[in-house]
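If you want the building blocks of each chain, they are given just below.
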Amino acid sequence: MKAPLPAWLWLVPFAVIFTAFQLAPMAWVAISAFNVNGNWGLGHFQEIAQSAFFRQAIWKSLTISLVSSAIGLVIATLTCHALVRSGGRLRRAMIAFTNMTSNFAGVPLAFAFIILLGANGVLTLALQRLGIIEDVRLYSTGGLIVIYTWFQIPLGILLLFPAFAGLKAEWRDAASLLGAGRIAYWQRIGLPVLWPALAGTFTVLFANAMGAYATVYALVNTSYNLMTIRIANLVAGDLFLEPNLASALALILVMLLVLVTLVQQWLLRRSAQHGSR
Amino acid sequence: MAHAETLPAHKSPTAAPLSATFNPYAWIVGSVFAVLALPLVATLGYALATRWGATLVPDGLTLAWFVELWTTPRFVAAFARSLAVAVGALALSLVLVMPVALLAHTRYPWLDRWMNTLILMPFAVPPVVSSVGLLKLYAGGPLPLVGTPWILIPTYFTIVLPFMYRAIANSLRAVDVQSLMDAAQLLGAGPLKAFFLVILPNLRGGVQIAIFLSFSFLVGEFVFANMLVGTRFETLQVYLNNMRGASGHFTSALVITLFAFTLILTWLGNRQAEHTITEATR
Numbered sequence: 001m002k003a004p005l006p007a008w009l010w011l012v013p014f015a016v017i018f019t020a021f022q023l024a025p026m027a028w029v030a031i032s033a034f035n036v037n038g039n040w041g042l043g044h045f046q047e048i049a050q051s052a053f054f055r056q057a058i059w060k061s062l063t064i065s066l067v068s069s070a071i072g073l074v075i076a077t078l079t080c081h082a083l084v085r086s087g088g089r090l091r092r093a094m095i096a097f098t099n100m101t102s103n104f105a106g107v108p109l110a111f112a113f114i115i116l117l118g119a120n121g122v123l124t125l126a127l128q129r130l131g132i133i134e135d136v137r138l139y140s141t142g143g144l145i146v147i148y149t150w151f152q153i154p155l156g157i158l159l160l161f162p163a164f165a166g167l168k169a170e171w172r173d174a175a176s177l178l179g180a181g182r183i184a185y186w187q188r189i190g191l192p193v194l195w196p197a198l199a200g201t202f203t204v205l206f207a208n209a210m211g212a213y214a215t216v217y218a219l220v221n222t223s224y225n226l227m228t229i230r231i232a233n234l235v236a237g238d239l240f241l242e243p244n245l246a247s248a249l250a251l252i253l254v255m256l257l258v259l260v261t262l263v264q265q266w267l268l269r270r271s272a273q274h275g276s277r
Numbered sequence: 001m002a003h004a005e006t007l008p009a010h011k012s013p014t015a016a017p018l019s020a021t022f023n024p025y026a027w028i029v030g031s032v033f034a035v036l037a038l039p040l041v042a043t044l045g046y047a048l049a050t051r052w053g054a055t056l057v058p059d060g061l062t063l064a065w066f067v068e069l070w071t072t073p074r075f076v077a078a079f080a081r082s083l084a085v086a087v088g089a090l091a092l093s094l095v096l097v098m099p100v101a102l103l104a105h106t107r108y109p110w111l112d113r114w115m116n117t118l119i120l121m122p123f124a125v126p127p128v129v130s131s132v133g134l135l136k137l138y139a140g141g142p143l144p145l146v147g148t149p150w151i152l153i154p155t156y157f158t159i160v161l162p163f164m165y166r167a168i169a170n171s172l173r174a175v176d177v178q179s180l181m182d183a184a185q186l187l188g189a190g191p192l193k194a195f196f197l198v199i200l201p202n203l204r205g206g207v208q209i210a211i212f213l214s215f216s217f218l219v220g221e222f223v224f225a226n227m228l229v230g231t232r233f234e235t236l237q238v239y240l241n242n243m244r245g246a247s248g249h250f251t252s253a254l255v256i257t258l259f260a261f262t263l264i265l266t267w268l269g270n271r272q273a274e275h276t277i278t279e280a281t282r
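Here the protein sequences line up with chains A and B, keeping their order. If you count the first sequence from 1, position 38 lands on 38 in full-length UniProt numbering, and the numbers rise without skipping. If you count the second sequence from 1, position 109 lands on 109 in full-length UniProt numbering, and the numbers rise without skipping.
Bound conformation, chain A alone (with noise of 0.2 Å):
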C-alpha cells in the first residue's frame, strides 16, 4: 500500500496553531522584555526594581499569594484528614460539593462575595446588628486574603485527598503495635509519606494565586496594586501602554512560579536523598 501523503504531515496544522497561539507569545515576551527602546538591556528591569509602586504590586501578590496558599494549604490538611475518618456518604458528598465550588471562581466569585461581605452585604449587615464587627473592607489585603482562600480550599482538597486515601491504615496498626504515639506517628510515618503532595499542592495553590486575575479585576477593577493587574494595566489600560515593560513584569512573574518550583523540587529531592539513606 502507498500512503499519497507522508503521516507526519496531518501534524502540522497542529504545530502551526500552536506556535502560533502558544509559544509566539511567550517567546515574543521572554525576548521583548529585554528590549529598551530597540536596544538590548535590563532597562525595564532596573525601572521595576527602582520604581516602589512596582515593587509594592510584587509584595502584595507574594503576600496575599503565600499567605492564602498556607492557610488554604492547612484547612484543606485538616479537612482531608477529617474525611478519611468519616463516613463514606459525608466523604462523597463533600467530594462533589468541592468539586462543585472548585468551579466557582473568577468574576461570578468576586460578585458573590459583594453581595455575602461587601458594605451592604448580607453576612456584613448581620454582622454588624450583631453588633461582632463594625465594617468589613473587602476591598483590602485582609479581604482578598479571605477570597484568594476561599478559592484555594477546594483545589486544595481536591489535590490532597487521594494522597490521604493512600494513607493504609495498617501503618497506624503497625506503628502503634510498635509503640508508637499518635505524634511518632505523624513524625515518622504520615508527614513523610504525605510530603510530597503537600510540597506539591502548595506549589499549585501559590501559581494559581500568583497568576489570578479576574476576581481581583472584577472586585476593584485596577485600584489593587497586584502583578497581574499592572501587567494587564501596562497592555490594555487607559493610557501609558507599555507593552515591553509589561513583557518584564510578567517575565518576573513567571520566573517566581519557575523559582518555586524548583525549590519544591529541590526540597523533595533532599527529602528523598535523607530517607535513603
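Just to be clear, a hint being listed does not mean it is correct.
Chain A is faced by these chain B residues, among others (derived, beta-carbon under 7 Å) [as the list claims (entries may be wrong)]:
(1) Ile28
(2) Leu36
(3) Pro99
(4) Val129
(5) Leu135
(6) Thr155
(7) Leu240
(8) Gly248
(9) Val255
(10) Leu258
Chain B regions said to be covered by chain A (calculated; three or more residues, Cβ under 8 Å) [stated by the list, open to error]:
(11) 37-51
(12) 86-98
(13) 118-126
(14) 157-170
It should be emphasised that the hints constitute simulated quantities derived from the structure, not laboratory data. Idealized CB from N, CA, C, for every residue including glycine.
Here the structure of chain A is known, so what remains is to put chain B in place on it, guided by the hints.
Below, chain B alone, put in the same frame as chain A:
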C-alpha cells in the same frame, strides 16, 4: 439550582446523627462546608429575594430577577456568543488534536512524551502573561485578530489542549487501534474511512467527557475574553463584569444561572465518565 437549595439542610453538623457524641472530624468537615457554601447560599438567596435589606432573611421570594435576566436581549446575545466561541474552539481542538494523539499512539511514541511536556505550558503561563504577547502579535500586522472573536478560538484551543489531549490519549490506550485499523482495511476501507467509521466511535465516551469539562471551563473564561476582545464581542463573563453597576439581585440571578450551567455541564461530563468506566469494566 435545586442542588444548591438543598445545601443548608446539611450545613449544621449537629443535624448529623454522628454528633450524638462530640465528633471533631464531623465538626471540621461541617465548618469547612459551611464556609464554602456561604457565598453560594447568599447569592442564591439574593437572586430569589424581592428585597434583602437590613434583615437576616429576605423579605419575600420571587423569580422576577430570573425572568428579567432571560428577557434581556443583551444577556441572551452574550450567552449565544459564549456558546459560539466555545463550540468553535472545541471543534478546532478536535480537528487539531485527534490526528496528533492518533499518530503519537500508533507511529511515533516520542510524540507522546513531547505532548505531555507541551500540555503543561498553559498551566505554567498565566493567561495575563500570554495576553501580553497575543495583544502585540495580533493587534496589527498580517493577522489583525485582536478585537474580534477570531482571536479567542485558537487561544481557547491552547487552554483546553491539556484536557483534550489527555482524554483522547487515554481513550486510545483503551482501544486496540492497530488491529481495528487492520481489520477495517482488510475489509476494504481506506485509512480515513477506517478512522471515521471504526476508531472514532470507539473514542466517543472519552472525548465527550473532555468536551463537557472544556465547555464549562470556556464558558467561565474571562481574562482572554476581556483583554483580547472586550466589549466589542461581549461574552457572558465580560457581560457580568460590565453589569457591576446593576442591581445586586439581577447580577445574583446572572451568577446563579452561570453556575447552574457549568454544574449541568460537569454533571454531564462526570455521568459520562461513570458510564464509560462501568462499560469498560463490564
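Now for the hints, and whether the structure bears them out:
1. Checking Ile28 of chain B against chain A by beta carbon gives a least distance of about 4 Å; that is within 7 Å, so the hint holds.
2. The beta carbon of Leu36 of chain B comes within 5 Å of a beta carbon in chain A, closer than 7 Å, and the hint placing it at the interface holds.
3. Satisfaction of the interface hint for Pro99 of chain B is found here, the shortest Cβ-Cβ separation to chain A being roughly 4 Å, below the 7 Å cut-off.
4. The restraint placing Val129 of chain B at the interface with chain A holds, with a minimum CB-CB distance near 4 Å, inside the 7 Å limit.
5. For Leu135 of chain B, the interface hint holds, since its Cβ comes within 7 Å of a Cβ in chain A; the closest pair sits about 5 Å apart.
6. A distance limit of 7 Å between C-beta atoms decides the matter here; for Thr155 of chain B the minimum to chain A is near 5 Å, and the interface restraint holds.
7. For the restraint placing Leu240 of chain B at the interface with chain A, the shortest Cβ-Cβ distance is roughly 5 Å, inside the 7 Å limit, so the hint holds.
8. The beta carbon of Gly248 of chain B comes within 6 Å of a beta carbon in chain A, closer than 7 Å, and the hint placing it at the interface holds.
9. Interface hint at Val255 of chain B: satisfied, since its Cβ lies 4 Å from the closest Cβ of chain A, which is below the 7 Å cut-off.
10. Against a cut-off of 7 Å between C-beta atoms, the interface hint on Leu258 of chain B holds, since the closest Cβ of chain A lies about 6 Å away.
11. Coverage of a stretch by a chain is defined here by at least three residues with a beta carbon nearer than 8 Å to that chain's beta carbons; for the stretch 37-51 of chain B and chain A the count is 8, and the condition holds.
12. Under the rule that three or more residues need a Cβ within less than 8 Å of chain A, the assignment of the stretch 86-98 of chain B holds, with 4 such residues.
13. Coverage of the stretch 118-126 of chain B by chain A holds. Counting CB-CB distances below 8 Å, 7 residues qualify, and the rule asks for three or more.
14. Check on the stretch 157-170 of chain B: 3 of its residues sit with their Cβ under 8 Å from a Cβ of chain A, so the three-residue criterion for coverage holds.
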